[in-house]
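Chemist: In order, the protein sequence lines correspond to chains R and Z. Counting in my numbering, the first sequence runs from 1 upward without gaps. Counting in my numbering, the second sequence runs from 1 upward without gaps.
No false leads were slipped in.
Heads up, the list lumps identical chains together, so a pair's fine if it works in one copy or across two of them.
Listed next, the in silico SDA-like pairs over lysine to any residue satisfying Cα-Cα at most 20 Å (straight line):
| # | residue 1 | residue 2 |
| --- | --- | --- |
| 1 | K287 | K300 |
| 2 | K287 | W298 |
| 3 | K287 | N75 |
| 4 | K300 | E265 |
| 5 | K300 | E261 |
| 6 | K287 | H325 |
| 7 | K287 | L358 |
| 8 | K287 | H356 |
| 9 | K287 | P321 |
| 10 | K287 | R301 |
Hints are computed from structural coordinates only; laboratory data are not their basis.
There are 2 protein chains.
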Amino acid sequence: MTELLAEVGPDTESHHRYRLVDCDVHPIMRGGMADLRPHLSSAGRRRLGLDERRDLTTTGHREAVSVPRNMLYVNQAGVLRDDARAPDGSAPGADPAFTAQQLLDANGIDRAVLIGGEVLGLGAMPDPDAAALIAAAYNDWLAATWLEADERYRANLVVGAQDPSAAAAEIRRSGQNPRFVAVLLPLTNILMGQRHYYPIYEAAAELGLPITVHPNSGEGIFRTSPPLAGGTPTYYVEWHTGLSQVFQANVISLVCHGVFERFPELKVVLTEGGLGWIPDVIWRLDKNVRGLRDEVPWVKRLPSEYIADHVRFTTQPLPEPRRRHHLHVLCEIAQAERTLMFSSDYPHWDFDDPRHALTALPAEIRQRVSVDNAVETYGDRL
Amino acid sequence: MTELLAEVGPDTESHHRYRLVDCDVHPIMRGGMADLRPHLSSAGRRRLGLDERRDLTTTGHREAVSVPRNMLYVNQAGVLRDDARAPDGSAPGADPAFTAQQLLDANGIDRAVLIGGEVLGLGAMPDPDAAALIAAAYNDWLAATWLEADERYRANLVVGAQDPSAAAAEIRRSGQNPRFVAVLLPLTNILMGQRHYYPIYEAAAELGLPITVHPNSGEGIFRTSPPLAGGTPTYYVEWHTGLSQVFQANVISLVCHGVFERFPELKVVLTEGGLGWIPDVIWRLDKNVRGLRDEVPWVKRLPSEYIADHVRFTTQPLPEPRRRHHLHVLCEIAQAERTLMFSSDYPHWDFDDPRHALTALPAEIRQRVSVDNAVETYGDRL
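Given only the sequences and the hints, what does the whole structure look like? Please build it.
Modeler: Shown next, in the form of structure tokens:
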């Protein structure tokens, strides 16, 4: 792997400002959707059923609007870590100061990139205007509540992909805040290579913001159209094991549609999608694009090269093969020294402790996974 | 890998009767659906629109019935190899004698396990009675036309999974012919772990027949419900690269539903589904079943152990990583010395030549992949 590292170029000084960067941390809204009230016009509040006539003092169920979430399955392990609850009893992950203490201080994390907890399912909303309204208010809430609370927080701004022009405008608006380092794109049932998304990619590339994908948007929610390949999984454990399929499908789509030729500056960060599928996708795709090149003549390089240049992966959930050597070979195939970034997924149930996750990786790539790749991906905004 | 081989047990003499077994060869019907006429009652012929009133002298388009096939994509490489056409000009793969000469004689293949070309899409038919009628007639046609033509042919009998009881009855009927060594299950949009299929598994296990899965049934055909995860792929190259998702989903489903606890004798052969995804599925599933065991308490062993004991993979399309070492590590993870069987996929466009495919594998497992694993999977019928 040494020769590969040499190709990546020497570490610059900036890489050593931080000890550890966590690329997947979820803030939770303390008071549910009502927290968005101060960030909406009165027309917006009425439109979303969050207006003053309603008693929203308790969380969740009194709003006229809610963001869809995966309610098809029971996760008997609980979705959020109970011990991530602040002393005031608020929901796990709802207190920026407590999160800073429990996650950042305790683990030496100097930068945490936030991915909105409640807006993951925004891609499943049928109404593009409601989705855009929620996205903008959520970004303002995140900036005011979390990004102001601790200088170590950075965040994904979120967009409703249902209306790509509105999403592009929101990227240009919220992207003015330099603490937003990426764009969370909650998936719909349109694969990422499709022209539908190009205004979003154009705006993101213009501002130098990577696009982030995370599980549990449209693909986790619909039952009538199976959320994964082949049919609807029966159990949470099936769905959760198979959810890497959505990432496979979207990487294949991005490459085959030539998105990285069209947007040469674009980076895509896949969070919580795992790593074990990378060999299958790059080997199949490299082979198939050779055999079927007339169908996609705009794919000018090997798919595995586009992926290494443009797609970034995060560690959690880290594969745990019986032989650690197998994980190391996977890192070699995935070019982890360039493509992999640490993530904890705090405060979710299957949180990865950085001490264990990083130790499992080859020693020679730990610094790159801990810090350098994140610095290169998020740039100066980090 | 040597210690793993030792666990498998010593090769028995029977393993050396053959030089090479090909587990995925597609016979094609010379005259289209009209070839089924002699194998249908007159009521059956009327039911399927194949009765004598119709002029069926040309193939394909004059029948009232056709088996669904994947018509969503253009494969500009052509689906069938042109050079697999017999001298009489019939369709590629339609002549048992020519196939025997071109494929078996030329490559030293002593057993070829047939998987019906036209019936792959049977799982997409809405009508269970039509599917059952076609399956039975097809099995009789296959027995009369191919299994009688050369003593090296063995075959999958096909069933319509839409009516599991009828399918079980067909397994018990056609399974009387010892040349049928397995059951082809054309996938529907119901995952394989579901109770729906248990009568089929029961009958197959009773006769000692493995269940075979192959791409391009229901999952390749429907557009309204996306054929793969996350949305409908736009291009053939996308669909073809991603089709391993269906295999991932079904293996996960089989394990999580406890099918191998319920049917301890059952074997499942996954043809043409690739290998590169195996690490992702077994690592995620082993980890998740530990964390979520209350949801599926009937899963008593590690998922990777069920898979190694009950699921078999075929070589084509063989992964072609840049470093051959990576393929060898994949074989180790997949326990290929027990689980992998050679296949060519003749006469399809992406046929694997046995000389190249077998040479790419680790030398110490070639004999097992060429012959022994197939003998153990198909048993005395082979």
